[in-house]
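Chains as they are written, first to last, in the working numbering: chain S, 1 to 276; chain A, 1 to 307.
To be clear, the hints were calculated from the coordinates, so they are not data collected in a lab. Remember, predicted model here, so these are calculated numbers, not experimental data. Any given hint could turn out to be false.
[To be verified] Derived, one-sided and incomplete: chain S residues facing chain A with beta-carbon distance under 8 Å:
1. P214
2. F216
3. V217
4. T218
5. H219
6. T240
7. E243
8. A247
Beta carbons are placed, not taken as given, at the ideal position from N, Cα and C, and that holds for glycine.
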Amino acid sequence: MTPLATRDLLGTACRLGAALTLTAAIALLGVLLVQALGVVDVGFLAGAPSRFASRAGVGPAIAGTLWLAVLTAALSFPVGIGAAVYFEEYAPRNRLAGLAGSALANMAGVPPVVFGVAGLALFVRGMGLGPTILAAGLTLAMLALPTVLVTSRTALREVPRGVRDAASALGATRWQVIRRQVLPAAGPGIVTGLTLALTRTVGAAAPLLVLGAPAFVTHAPRTPGDILTALPTQAFTWSTRTEADFAALAAGTAVTLLVLLLTVNLGALVLRRRLR
Amino acid sequence: MTACPVRLAGFGLVAALAAACGGDGVAVVVGGSGSLHPLSEAVAESFVGTAPGRRLAVGYSGTAGGLRRLCRGEIDISAASRRISAMEADACRAAGFRYVEIPVARDGIVLVAHPSNTVVDCLTLEELRRLWGPSDDVRSWRDLRPDYPDERIRFFGPGPGSGTFRYFTEVVVGRPGASRSDHYQTANDDMIARGVAGDRWGLGYLGSAAHMHNRDRLRAIAVDTGFGCVPPSAEAVADGRYSPLARELYLYVGTSSLARDDVFDLVAHYLDMAARLGPELGYVALPEAEYGRSRAVLAASRRAARP
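Just chain S, with the same shape it has in the complex (with noise of 0.2 Å):
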């Protein structure tokens, strides 16, 4: 075969593998959104789950995703990033800390019923939390941390070494570059990494399950002890039903969250504009 009919091949394989993922995306999404349709609407965002298919809501559900959402990134990101940054900007060169760094980055690759496991021993029985909000936000940062930490430490080291030298030959302190200088041209890269460390955390469910969420919770949460409820162990629950009609709640469900999350990339899309 001659070299440009290889590259025209491999052209059209490529091809055929976008078009793969385009479809593949339409339809994961095409089948939630058809089985979704009906069923979502103000009184299944605003009211209570119920036995009753037509009657039951993910409130509940949804202010505990919340919740969720906001302690993971209030105890993951200034741990990760502070990491990211003493890894990148202060930690000696020697091997024990390259060591420790990909150690720490592989745990990325955890899946995250492990950590779920983790949270079981640690916070729920060994803290005493219980299958509570604060246990599953302290799990979820425990996820949510390697992501950060590599995703930073990235987008900390595509800072170009001009700059750091540059500004420390104005005289600047290692603090004042790396506040001034490092973390501001790191900035759009760090937020990327943020939310897709926070979007990967907040729709896992298996975790939340190895906790112990129960399948029935009547209300909305209002402090981080009170009884874990969200949005992935919800579409679990209800898709492991039989009785017809839960199928759809489990869809809409499904759209509430993915709805939610893109919210979230959308945030993070204008923050990173600003950033720029």
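Got chain S sorted already, so can you dock chain A onto it with the hints?
Then chain A, alone, in the frame of chain S:
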């Protein structure tokens, strides 16, 4: 019992959060048996309807897990599809935890097959023992009876944490927990129903509430306990003809939780509503006198819990 300081700190944190944010205490948390979940859910919803603002969380993870969590003080009420075992009761006592046992309904353990499997319509207890016992020498329906088709049986049932599993193995196999282990196991009765409904030659057993709301896609197999084939009807469960596969379902309520108004009111509401909500969900109500007796027990332990 020595209290771990970290644990205490955790409890304190949750309590402080609840107090700081103006929450009126924590919710009533119900866990335990999945067989009783439909009734608990219905009662909970009806309770919230009569007393808006009451905060309830109803989950299920199997009877064994529920009782364990109850005696650790993690939940207020554990539903149970069997009585608490001597070992579990000892563990509770050792932890200094006190509870009351409240029978709330009866149900039958229903043997289910695919609707198009019309060949198998009645099984004897001895056959059930061969089917579900740990020796697993029955692989196809032909192994059970020569006139059955030579089709591989796929088994769906609850697993070791389930009260239904423990009860079924005890009365059918003769020893609690003695069971074949190559069956598809789940704590969720609906998943058992879904499995059998999707398998032409499948066999499963589940609580009668799950059979009730899956009755369009499952066929119940009658059981011959020596007095002819008895289908798992409400009448047969009530009058004892379906025994030993008919059983009582209980709530175990922590005595300290009963001191709280919301817990007490919920259990009282449960006793009021079980006979009304139960039958349509597949349960059989207890005689009214039993509910009366439970009300008395409830009131007495509340008085004891509240000095």
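Here is how each hint holds up against the structure:
1. P214: Hint on P214(S): holds, closest Cβ of chain A at ~3 Å, below 8 Å.
2. F216: Hint on F216(S): holds, closest Cβ of chain A at ~4 Å, below 8 Å.
3. V217: 5 Å, holds
4. T218: 5 Å, holds
5. H219: 4 Å, holds
6. T240: 6 Å, holds
7. E243: 5 Å, holds
8. A247: 12 Å, violated
Hint compliance for this structure: hint 8 alone is broken.
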